[in-house]
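Trainee: Listed below are the residues making up each chain.
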Amino acid sequence: MTELVADLGVARDDFTLDLGLQIGAGEVVALLGPNGAGKSTALRTLAGLLQLTSGQITIAGRIVADSVSGVHLAPHERPIGVVFQDYLLFPHLTILDNVAFGPLVRGLDRSEARRRAAAWLARVGIAELAGVKPRSVSGGQAQRVALARALAAEPRLLLLDEPLAALDAKTHLLVRTEVRRHLGDFPGATLLVTHDPIDAAVLADRLVVIEHGRVVQQGLPQEVARRPLTDYVARLVGLNLLAGRGQGHRVLLPSGGSVELAESAFGDVYIAFRPAAVSLFVHRPDGSPRNLWAGRIAALEPHGEGVRVEIAEAPDRSSSIFGRDHPVGRCGP
Amino acid sequence: MKRATRTRANGRPWQSRTPLLLAAPAAVALLFLVLPLVGLVIRAPWTDAAAVLSSAGALQALKLSMITATIAVIIVLLIGVPLAWVLARPGLRGASLLRALITIPLVLPPVVGGVALFTVLGRSGLLGRPLYQLTGFAFPFTPYAVVLAQVFVALPFLVLSVEGALRAADRRYEEAASTLGARPVTVFRRITLPLIGPGIAAGAVLAWARALGEFGATITFAGSFPGTTRTMPLEVYLALETDPGSALLLSVLLLGVSVAVLALLRERWVSRW
Numbered sequence: 001m002t003e004l005v006a007d008l009g010v011a012r013d014d015f016t017l018d019l020g021l022q023i024g025a026g027e028v029v030a031l032l033g034p035n036g037a038g039k040s041t042a043l044r045t046l047a048g049l050l051q052l053t054s055g056q057i058t059i060a061g062r063i064v065a066d067s068v069s070g071v072h073l074a075p076h077e078r079p080i081g082v083v084f085q086d087y088l089l090f091p092h093l094t095i096l097d098n099v100a101f102g103p104l105v106r107g108l109d110r111s112e113a114r115r116r117a118a119a120w121l122a123r124v125g126i127a128e129l130a131g132v133k134p135r136s137v138s139g140g141q142a143q144r145v146a147l148a149r150a151l152a153a154e155p156r157l158l159l160l161d162e163p164l165a166a167l168d169a170k171t172h173l174l175v176r177t178e179v180r181r182h183l184g185d186f187p188g189a190t191l192l193v194t195h196d197p198i199d200a201a202v203l204a205d206r207l208v209v210i211e212h213g214r215v216v217q218q219g220l221p222q223e224v225a226r227r228p229l230t231d232y233v234a235r236l237v238g239l240n241l242l243a244g245r246g247q248g249h250r251v252l253l254p255s256g257g258s259v260e261l262a263e264s265a266f267g268d269v270y271i272a273f274r275p276a277a278v279s280l281f282v283h284r285p286d287g288s289p290r291n292l293w294a295g296r297i298a299a300l301e302p303h304g305e306g307v308r309v310e311i312a313e314a315p316d317r318s319s320s321i322f323g324r325d326h327p328v329g330r331c332g333p
Numbered sequence: 001m002k003r004a005t006r007t008r009a010n011g012r013p014w015q016s017r018t019p020l021l022l023a024a025p026a027a028v029a030l031l032f033l034v035l036p037l038v039g040l041v042i043r044a045p046w047t048d049a050a051a052v053l054s055s056a057g058a059l060q061a062l063k064l065s066m067i068t069a070t071i072a073v074i075i076v077l078l079i080g081v082p083l084a085w086v087l088a089r090p091g092l093r094g095a096s097l098l099r100a101l102i103t104i105p106l107v108l109p110p111v112v113g114g115v116a117l118f119t120v121l122g123r124s125g126l127l128g129r130p131l132y133q134l135t136g137f138a139f140p141f142t143p144y145a146v147v148l149a150q151v152f153v154a155l156p157f158l159v160l161s162v163e164g165a166l167r168a169a170d171r172r173y174e175e176a177a178s179t180l181g182a183r184p185v186t187v188f189r190r191i192t193l194p195l196i197g198p199g200i201a202a203g204a205v206l207a208w209a210r211a212l213g214e215f216g217a218t219i220t221f222a223g224s225f226p227g228t229t230r231t232m233p234l235e236v237y238l239a240l241e242t243d244p245g246s247a248l249l250l251s252v253l254l255l256g257v258s259v260a261v262l263a264l265l266r267e268r269w270v271s272r273w
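Residue numbers (the working numbering), protein chains in the order written: chain A, 1 to 333; chain B, 1 to 273.
Hints listed in this document are in silico derivations from the structure and should not be mistaken for laboratory results. Computed from a prediction, not measured in an experiment: that's the story for all the values here. We put the CB at the ideal spot given by N, CA and C, even for glycine. One thing to keep in mind: the hints can contain errors.
As the list claims (entries may be wrong) - Some chain A residues well away from chain B (every beta-carbon gap over 12 Å; in silico):
(1) V5
(2) R12
(3) P34
(4) G55
(5) T58
(6) G61
(7) A74
(8) R78
(9) D97
(10) L167
(11) D168
(12) K170
(13) R235
(14) A262
(15) A312
To be verified - With the Cβ distance kept under 7 Å, some of the chain B side facing chain A (calculated, not the full set):
(16) R172
(17) Y173
(18) E175
(19) A176
(20) S178
(21) T179
(22) G181
(23) A182
(24) T186
(25) R189
(26) P194
(27) L265
As the list claims (entries may be wrong) - Label pairs and their in silico Cβ distance ranges:
(28) A122/A with A263/B: 38 to 48 Å
(29) A23/B with P91/A: 33 to 43 Å
(30) L173/A with S96/B: 44 to 54 Å
(31) V132/A with L78/B: 32 to 42 Å
(32) F32/B with R106/A: 56 to 66 Å
(33) R226/A with S96/B: 52 to 62 Å
Okay, chain A solo, but in the shape it has when bound:
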C-alpha cells in the first residue's frame, strides 16, 4: 500500500520546487541533493509548515493538502512525525516528557503517555535518561530522543531532516546503524532528507536525487551509483561523468574532445568512470593508453586513503575530471 502520494509544487521568489513522490508502507526513500536543491522545502511542505502552490499530498489515503480545492491541513492534523536536523528537543521538559509530548497532545492521559514514552526510550536504549533535561545529553543521545519522540506519536509518514548531520564521525556510524534498525521496524513510510550519499545508500531502499527543485534521477542506490545521470550525482557517488554523442567506439564531446570506448555506443550517452581508473603522469607516457589527455591540476583534496585530483581542461576545454593518486611511499608537507 502506498502511504504517501505527493505531487509537490512550491513556488518561492527565486525558486520552484516540482517534485513527485510515492512511498510505500515500510519503505524508506532518501531525498538527496545539493544545498538549495529544495530538499528542506519538500520536507516542510509535506509536514504542512509550508503551503503548496500546486499539487496534492495524500498521506495514508487521506488528502492533507490540495491546491485546487484549497485544502491545507495544519501540521498537527497530519499523521506525521518529524526528526529535525538539530532535534529541537523542548529544553524545559525532561527527556521522558519530550517523548510523551506527542501521545499526550494526541489525547492519551499523562500516565499512559509517560508509559508509552518510557517504552520508546527503552527501545532506543536510553531508558536511564528519562529524568534529565535535554541540555545535559550528548548529540547521539539527543538524536535517539528525537527519533523516539517522533515515533511515539505513531505517525504514518516519518520525515527525517538531515538526521545524522550534527553528529561527530564516530557517533555518526553508530547512530546510523541504530536508525537503520528502527526504520526497519517502522511500519509507515519514511522520507529521509540528506546530502550524504552514503547515509542515503545505507538507510534508504530508494534514492530520489533533486537539483534546482527537480528530480534528476531516482532508483535503487546501486543503480544510481553505477549509472549517474548528472555531474552532481556523479561527483556525489565519486564517479566521473561525461555527456557526449556515441559514434561506435568513439564518443564525441560537445566542445570537440573525444573518448575511445571498448564497446560501441550510439546517440546521446553518458560515460562514467571511477577516479581510480584514471592514471596521472607528469610526462607523456610510453605505450598506448586508450584515452590520453593533457590537463592542468586544478585542485587536490584528501579522499579516503588517497588524494582526489581535479584535472581541468580534460578531456576537452570545457570539462574536468577526477583522478585519484595514492601517495604510497611519498610524503611531505
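Following the hints, put chain B in place on chain A, whose structure we already have.
Mentor: Same frame as chain A, now just chain B:
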C-alpha cells in the same frame, strides 16, 4: 612566579584596561543613581521611624499600593502577553505602527495619561457615560481607577519585554510541537509560555515596579482619598508638604519593599533550565 601568574589568568578572556574616557562618565552615572538613595537613607529621621511607619495612614497606603499594583500586574499579564504574542507574529501587517502606539504610554507624562483615562472612563467619558447611566457606577476616585491608571502605565513595559523574549526565542520549537500533534493553543501553553517564562517574569517585575510607583495618572484619575485611592507615592508627596521627615521614612519604606520584591523574584526566576 610565572606559573602563579598563568594559573590566575587561566581561562579568563583577555580584556583591555577600561579607558578613562569611559570610566569617568560611567562613575558619574553610577554616583548619580546611587547617591540620592544614600541621601534618602542618611537623612531619614530614624528615631521617628517606629511612629511614622506604624501610623494608620502609612500602613493603609502601603497596603493599598501593594494590593492595587499586584492586581494591576495580573491584569497586565492576562492582556499583555497575548498582545505581545500577536505583535511578535511574523508577517503581521502594521506591526511597527502598533508597536509605536503601545510605546506611547511610556513617553506620555502620566498626568496626561490620567486626563486621557478621564475622557474615556470618566463619568461623562466615551465609555464612562453609558456605563454610569446603565449601572450608576463610575470609575474615577475609586480603587478601580487606581488599578486602571497603573495598568495603563505598566502595560507597555510587559508587552515590550515579552515581545522581545518571543522574538529572541527559537520559534522552531513551536513547529516541532505542532508536528507532534499539538493544536496552536496547546503549543502556546505547553511550549511558548515556558520558553519565554523568564521574559514574562522580567516584564512582570518591571510592570509591578512601575505600577507601585505610579503617581501622576493616579492622582488625576483616582484622586487622593485615604484608604481608597491614596497609594504610597501619593502619601509620600502629601507628607512632604507637612512633615518632610516622615516623607523620607515613607520613601525608604517604599524603596525597601521594591528592592525586596525584586531580589525575591530574581532568586526564583533566573535560570529555569
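Trainee: Now tell me, hint by hint, if it's right for this structure.
Mentor: Verification of the supplied hints:
Here V5/A stays apart from chain B, with its beta-carbon at least about 20 Å from theirs, past the 12 Å limit. In this structure R12/A is separated from chain B by more than 12 Å, as the shortest Cβ-Cβ distance comes to about 15 Å. Every beta carbon of chain B lies more than 12 Å from that of P34/A, the smallest distance being close to 23 Å; the non-interface claim holds. Interface exclusion of G55/A from chain B stands, the closest Cβ pair being 20 Å apart, more than 12 Å.
With a cut of 12 Å on Cβ distances, T58/A stays outside the contact zone with chain B, its closest approach being about 18 Å. Listed as outside the interface, G61/A is consistent with that label: its C-beta sits roughly 19 Å from the nearest C-beta of chain B, beyond the 12 Å cut-off. Listed as outside the interface, A74/A is inconsistent with that label: its C-beta sits roughly 7 Å from the nearest C-beta of chain B, within the 12 Å cut-off. Non-interface call for R78/A relative to chain B: violated, since the shortest CB-CB distance, roughly 8 Å, does not exceed 12 Å.
At roughly 10 Å from the closest C-beta of chain B, the C-beta of D97/A falls inside 12 Å, breaking its exclusion from the interface. For L167/A, the non-interface assignment is confirmed: its Cβ lies about 19 Å from the closest Cβ of chain B, beyond the 12 Å cut-off. Under the 12 Å C-beta cut-off, the non-interface status given to D168/A relative to chain B holds; the minimum distance is some 23 Å. Non-interface status of K170/A relative to chain B is upheld: no Cβ of that chain comes within 12 Å, the nearest being about 27 Å off.
Once the 12 Å rule is applied to beta carbons, R235/A is consistent with being away from chain B; the minimum gap is 31 Å. With a closest Cβ-Cβ approach of about 52 Å to chain B, A262/A is found to remain outside the 12 Å limit, as its non-interface label requires. Listed as outside the interface, A312/A is consistent with that label: its C-beta sits roughly 42 Å from the nearest C-beta of chain B, beyond the 12 Å cut-off. With a least beta-carbon distance of about 6 Å to chain A, the hint placing R172/B at the interface is held under the 7 Å criterion.
A least Cβ separation of about 6 Å between Y173/B and chain A falls short of the 7 Å threshold, and the interface hint therefore holds. Taken as an interface hint, E175/B checks out: its beta carbon lies about 6 Å from the nearest beta carbon of chain A, inside 7 Å. Nearest Cβ of chain A to the Cβ of A176/B: about 4 Å, under the 7 Å cut. The hint holds. Evaluation of the S178/B hint against chain A yields a held restraint, the C-beta minimum of about 4 Å falling below 7 Å.
Given hint, T179/B at the interface with chain A, holds; its Cβ is 4 Å from that chain's nearest Cβ, closer than 7 Å. Among the interface hints, the one on G181/B holds; its C-beta lies about 4 Å from the nearest C-beta in chain A, closer than the 7 Å criterion. Using the Cβ-Cβ criterion of 7 Å, the hint placing A182/B at the interface with chain A is satisfied: the shortest such distance is roughly 4 Å. With a cut of 7 Å, the hint placing T186/B at the interface with chain A holds, because the nearest CB-to-CB distance is about 5 Å.
The beta carbon of R189/B comes no nearer than 10 Å to any beta carbon in chain A, farther than 7 Å, and the hint placing it at the interface is violated. A distance limit of 7 Å between C-beta atoms decides the matter here; for P194/B the minimum to chain A is near 4 Å, and the interface restraint holds. Annotation: interface hint on L265/B violated; nearest CB of chain A at approximately 19 Å, more than 7 Å. For A122/A paired with A263/B, a C-beta distance near 44 Å keeps the hint of 38 to 48 Å intact.
Restraint check, A23/B to P91/A: a C-beta distance of roughly 38 Å satisfies the suggested window 33 to 43 Å. Between L173/A and S96/B, the C-beta spacing of about 50 Å keeps the proposed range 44 to 54 Å intact. Checking the proposed 32 to 42 Å range against V132/A and L78/B shows it holds: the Cβ atoms sit about 34 Å from each other. Between F32/B and R106/A the Cβ separation comes to about 58 Å, which falls inside the hinted range of 56 to 66 Å.
Distance hint check for R226/A and S96/B: the Cβ-Cβ separation is about 57 Å, which falls inside the suggested range of 52 to 62 Å.
Hint compliance for this structure: hints 7, 8, 9, 25 and 27 are broken, all remaining hints hold.
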